[in-house]
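So the sequence shown is numbered by UniProt numbering: it starts at 1 and just counts up by one.
Hints are computed from structural coordinates only; laboratory data are not their basis.
Pair ranges (Cβ atoms, derived):
| # | residue 1 | residue 2 | range |
| --- | --- | --- | --- |
| 1 | 32 | 106 | 23 to 29 Å |
| 2 | 11 | 47 | 20 to 26 Å |
| 3 | 105 | 32 | 24 to 30 Å |
| 4 | 17 | 98 | 31 to 37 Å |
| 5 | 30 | 78 | 18 to 24 Å |
| 6 | 104 | 19 | 32 to 38 Å |
Here the structure is a predicted model, which is why all the values come from computation and not from measurement.
In this text, a Cβ means the ideal position worked out from N, Cα and C, and glycines have one as well.
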Amino acid sequence: MIPLVGLVVGIVLGLLLQPTLPLGLQPYLPIAIVAALDALFGAFRAYLEGTFTDRVFVVSFISNVLIAALIVWVGDQIGVGSQLSTGVVVVLGIRIFTNVAAIRRVLFHA
Numbered sequence: 001m002i003p004l005v006g007l008v009v010g011i012v013l014g015l016l017l018q019p020t021l022p023l024g025l026q027p028y029l030p031i032a033i034v035a036a037l038d039a040l041f042g043a044f045r046a047y048l049e050g051t052f053t054d055r056v057f058v059v060s061f062i063s064n065v066l067i068a069a070l071i072v073w074v075g076d077q078i079g080v081g082s083q084l085s086t087g088v089v090v091v092l093g094i095r096i097f098t099n100v101a102a103i104r105r106v107l108f109h110a
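With these hints in hand, go ahead and build the complete structure from the sequences.
Below you can see the structure in the form of structure tokens.
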């Protein structure tokens, strides 16, 4: 229940305060969101399978976001940032859909 309350409070604060992101960080926000979603869906899958560990979730969440941002940053430095961004989104998207399929199988036995 506490994570759900934290999520609702965070969404409400974001809507009320409308924070701005510095221009230099804007290319990394979509990648960070997709990486965070990958960690969240992986955690939910692990929870349903009975293998969830909070430490693994925190490390996965932070490392996914940092590694994805680092890959995109390196791509920006060598001039192929958009291609690497696309690659990161595709790979993480595949992982998200794989986790969602596993969640669906557990929930609906299908």
